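*Asks:* Letter by letter, the chains look like this.
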Amino acid sequence: MTRFGAFVRDRREKLRRDDRRYSLRQVAARIGIEPAYLSKIERGDVAPPSEATTARLARELDVDRDMLLALGGKVSSDLKEIIRRRPRLFAELIRQLKEAPDDALLRVVREVRDGDW
Amino acid sequence: MMRSSAWCARCGTATGNDQPGMEDGDAMITLENNRLAIRYPDVHPDARCTIDFQRTLRIPDDGTDYPLPPGLGRFPLRHLDDYAARLPQAWHRRGGVITPMHQAEAMWISFGGSDYPFAVKIATGKICAVTGDDWVNHLNGDPQDYLVLPEQPWLDGYCVEKGFIRQFVAMPLGEGYTAEEQLTGEAEHGGLQVVAYPMKRKRYERLMSPRFAMDFEAGPDVCSSPAPDMGLAPGGRMRQEIYDDPYGLDAWDQRHASRCFVSIANSTQWMAVTGERPPTLPPSAKEYSEAGLPWFEWYGGDAKAVAGAKKLASLASVAELGKAKGQDPLPENESTRVTGVRTIRRSGDTRVREFEP
Chain A
1 MTRFGAFVRD
11 RREKLRRDDR
21 RYSLRQVAAR
31 IGIEPAYLSK
41 IERGDVAPPS
51 EATTARLARE
61 LDVDRDMLLA
71 LGGKVSSDLK
81 EIIRRRPRLF
91 AELIRQLKEA
101 PDDALLRVVR
111 EVRDGDW
Chain B
1 MMRSSAWCAR
11 CGTATGNDQP
21 GMEDGDAMIT
31 LENNRLAIRY
41 PDVHPDARCT
51 IDFQRTLRIP
61 DDGTDYPLPP
71 GLGRFPLRHL
81 DDYAARLPQA
91 WHRRGGVITP
101 MHQAEAMWIS
111 FGGSDYPFAV
121 KIATGKICAV
131 TGDDWVNHLN
141 GDPQDYLVLP
151 EQPWLDGYCV
161 EKGFIRQFVA
171 MPLGEGYTAE
181 EQLTGEAEHG
191 GLQVVAYPMK
201 RKRYERLMSP
211 RFAMDFEAGP
221 DVCSSPAPDM
231 GLAPGGRMRQ
241 EIYDDPYGLD
251 AWDQRHASRC
261 FVSIANSTQW
271 MAVTGERPPT
281 LPPSAKEYSE
291 AGLPWFEWYG
301 GDAKAVAGAK
311 KLASLASVAE
321 LGKAKGQDPL
331 PENESTRVTG
341 VRTIRRSGDT
351 RVREFEP
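Residue numbers (the numbering used here), protein chains in the order written: chain A, 1 to 117; chain B, 1 to 357.
FYI, nobody ran anything at the bench for these hints, they're computed from the structure. Here the structure is a predicted model, which is why all the values come from computation and not from measurement. A hint or two may mislead.
[What the hints assert, rightly or not] Example chain A residues on the side facing chain B (calculated, C-beta under 8 Å, incomplete): (1) L97; (2) K98; (3) E99; (4) R110; (5) E111; (6) G115; (7) W117.
For glycine and all other residues, C-beta sits at the position ideal for the given N, C-alpha and C.
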């Protein structure tokens, strides 16, 4: 079983305890894949699904899309595009921040500037 | 790091951390996937909420009361500072974010993030969407001029009557349709304004303790103290309650506030400024209904609704005003018969109203 599959199954089962709409069949239907395919994903019999399917799964299970993509060994295509546009700058930034603690990372997150109104 | 968006609730001035009377300004408002994410790590690790603006179909402005339309994905939000060189100076001064809307397009506001309670005030053109009063930089309890999260999952428009709102519809400033112009006679601000206050930490911790939760369920607490620009205008009527504050004005930590001006660019401006295409126009209400797709209503249990605001009830809707002016501002305004209304309860999943973008 892959970490991706185990995470998806655990999360879905947890939701299903309170809400029967989180059965394998119903979740698969809502994200537009076959129940058998979702079952294989959860068991780790197949590789994690495409970025689009992973994004729908993340939304359905109310988990962070980037986190779920990372579990599946993927990086969101919009992030790749950001790095591709300014590769030296972003590669350096990511390398420099790779060991920074979370609170230090939060300090470099850009805030929305409030002005005069 | 950009300047903190913390500001003084009493005087309304944006502040740095060195302002007297202001707590350490570790309030954070950031943009995450076209959503405003508000955090107060200084107040409590759980103190976070999100606000996004949902594309939706415009309900017919025909005097009929409609249920709630669906969400068709989030409007794009961008830092206004990124496009400062291509925007009027007045826009830059306001800061905040920028979003595109087509003329006569509708929107609703979705709240989420966590169970930490927040008081959130929403205004359009600096006119409060709950009371119709001018913008003030603090919360008022009588009449209540704010929404309480997480009790209130959505806001679709102006609170015109107890249990009824008029949908937010984008109209150009200067033509007299917006709530701001109808109430003040001026076309000065436009856009949409948001401010969020977290619940006081101690109050939250009491709320989370099992003993207090039982007390709370037994009876609610009693309030212990008293340019070429787009704006939003009142459209068709729909059923939506704005809930009374069950905690009281004293529950809110007004020393901490995050506010944001959402400037609205029309679709042509948006393309010129950002180089991006705006989202396509949503289907008409008639097309949507004929496709058999669901409408929604929210069941808030025992929560009480605030009364509607007389000022907002006095507003003419876009269609009414257009008729008086001899104009036809709303294309595809045909009445529609609604079938298939899904009721969502408070314990349910509020996301079901939103479709995959």
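*Asks:* Are A/E99 and chain B close enough, Cβ to Cβ, to be under 8 Å, as the hint says?
*Replies:* violated (19 Å)
*Asks:* Against chain B, with CB atoms and a cut of 8 Å, does the hint on A/K98 hold up?
*Replies:* violated (19 Å)
*Asks:* May I ask you to test the interface hint for A/L97 with respect to chain B, counting a Cβ-Cβ separation under 8 Å as satisfied?
*Replies:* violated (13 Å)
*Asks:* Taking 8 Å as the limit, does the beta-carbon of A/G115 come near enough to a beta-carbon in chain B?
*Replies:* At 3 Å from the nearest chain B Cβ, A/G115 passes the 8 Å test, so the hint holds.
*Asks:* Does the interface hint hold: is A/W117 within less than 8 Å of chain B, judged Cβ to Cβ?
*Replies:* Because about 4 Å separates A/W117 from the closest Cβ in chain B, which is inside the 8 Å limit, the hint holds.
*Asks:* Under the criterion of a CB-CB separation shorter than 8 Å, is A/R110 in contact with chain B as hinted?
*Replies:* Hint holds; A/R110 Cβ to chain B Cβ min 6 Å, cut 8 Å.
*Asks:* Given A/E111 was flagged as interface, is its beta-carbon under 8 Å from a beta-carbon of chain B?
*Replies:* It holds, given that the least Cβ distance between A/E111 and chain B is near 5 Å, below 8 Å.
When each numbered hint is compared with the structure, violations occur for hints 1, 2, 3.
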